[in-house]
Amino acid sequence: MSGYNFASCYSLRTISLPALTQISGYNFTYCYSLRTISLPALTQLYPPLFYECSAITEIDLPELTSIYTTDYLFSGYSSLYSLSRINLPKASLASAPRIPMSICPALQEITLGISYMHYSVFGWGQGYLSTNNVRILNLPYL
Amino acid sequence: MPQCTYISYYGIAYCNALSELTLPMMSSITPSMIYSCSNLKTINLPICTEFPSVAFSTNYYIETVNAPLVTTIGSSAFFQASNLTTAIYPECTSMGSWAFDYCSNKLSIASFNKLSIIPSCAFYGDKMLTSVYFPSAQEILSYAFHSCFQASSANLTFPEVSFIDSWAFEYCSNLKTINLPKVQQITYGVFSCCYNLESISAP
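The listed protein sequences derive, respectively, from chains A and B.
Counted from 1, the first sequence has number 124 at position 124 by my numbering; the numbering is strictly sequential.
Counted from 1, the second sequence has number 52 at position 52 by my numbering; the numbering is strictly sequential.
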């Protein structure tokens, strides 16, 4: 799936694409009501995917193995205010991400399958404390 | 005109008292054969199998074209036929791009039992469209339903569609749900700016 397919779908609350394996960036841009996603077969991701999705609470991509990014993983300069949990147990970062988590003030639990960590993965330094509520951090391959 | 089989360009023009036209022997019409008949609302073509390109374009007043046997609809056949109310062609297997674009005032129902490819811009700007029936469609090409489904909530199903090209449903502002049980590939911006889209069902 290429980009912007659901951009500005303000009323979209849930999305389930059980067979989708690859997705490009900006597909859910400005989906302000999007709360839950189910992409259980997704293996490749080209960020940012959830730009301005301020209602999303959980990102669970159990089969995601490859994230192609040089910048923001899920957002951008926007905030994912409601995101509390990220579970990417198989995910590796295929290129060097600088600020992949963006601004996620409610984020409490992160599981990442990365085997190396680049500069400022969990936060950035422009006055925001993007991930300062994280309580659980699982990095099984690091 | 029970025996008429051919009418040339502008053959029926400025017939302002004409409200209904029946051509029982005409199998194919001529582009622009009907022009500026301001009260003509219904055209009956019982054996016609082909609408050529721009066949009825800019016939703003026509509301219904009954042609149950038509198999081919050319490009821009109904371009800006802005008062067309229905597009029901059960035998149609081929449609050109822009076929029904800007049928913007009244077109609410589109039904094509046998059409396998919905071409680019086929229904572009048909904002009153609320109900569509395409049980055989496998591909929806770019901009096919751009700016449609704006008047009232629409719930759509395309049971056989596997491919949807770019911007096909952009600005369908009252599209509420869409069911795509066999879709395999979606390209770019397909549902962007569908402000009231609540759910999508797809594999």
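To be clear, the hints were calculated from the coordinates, so they are not data collected in a lab.
Where a beta carbon is used, it is the ideal one built from N, C-alpha and C, also for glycine.
Don't take each hint at face value.
Not everything, but these chain A residues come out facing chain B in the computed CB check (under 8 angstroms) [unchecked claim]:
| hint | residue |
| --- | --- |
| 1 | 2 |
| 2 | 5 |
| 3 | 6 |
| 4 | 8 |
| 5 | 9 |
| 6 | 10 |
| 7 | 11 |
| 8 | 12 |
| 9 | 13 |
| 10 | 14 |
| 11 | 15 |
| 12 | 17 |
| 13 | 105 |
| 14 | 106 |
For each hint, the structure was consulted:
Contact between residue 2 of chain A and chain B, as hinted, is supported at the beta carbon level, the nearest pair being about 4 angstroms apart and thus within 8 angstroms. At its closest, the beta carbon of residue 5 of chain A sits 5 angstroms from a beta carbon of chain B; the interface hint therefore holds under the 8 angstroms criterion. A distance limit of 8 angstroms between C-beta atoms decides the matter here; for residue 6 of chain A the minimum to chain B is near 5 angstroms, and the interface restraint holds. Against a cut-off of 8 angstroms between C-beta atoms, the interface hint on residue 8 of chain A holds, since the closest Cβ of chain B lies about 5 angstroms away.
Restraint check, residue 9 of chain A versus chain B: the minimum CB separation of about 5 angstroms is within 8 angstroms; hint holds. At its closest, the beta carbon of residue 10 of chain A sits 5 angstroms from a beta carbon of chain B; the interface hint therefore holds under the 8 angstroms criterion. Below 8 angstroms, beta-carbon pairs count as interface contacts, and residue 11 of chain A has one with chain B at about 5 angstroms; its hint therefore holds. Interface hint at residue 12 of chain A: satisfied, since its Cβ lies 5 angstroms from the closest Cβ of chain B, which is below the 8 angstroms cut-off.
Against a cut-off of 8 angstroms between C-beta atoms, the interface hint on residue 13 of chain A holds, since the closest Cβ of chain B lies about 6 angstroms away. A cut of 8 angstroms between beta carbons decides the hint on residue 14 of chain A: the least distance to chain B is about 6 angstroms, and the hint holds. At its closest, the beta carbon of residue 15 of chain A sits 6 angstroms from a beta carbon of chain B; the interface hint therefore holds under the 8 angstroms criterion. At about 6 angstroms, the closest approach between the beta carbon of residue 17 of chain A and any beta carbon in chain B falls short of 8 angstroms, and the interface hint on this residue holds.
For the restraint placing residue 105 of chain A at the interface with chain B, the shortest Cβ-Cβ distance is roughly 27 angstroms, beyond the 8 angstroms limit, so the hint is violated. A distance limit of 8 angstroms between C-beta atoms decides the matter here; for residue 106 of chain A the minimum to chain B is near 24 angstroms, and the interface restraint is violated.
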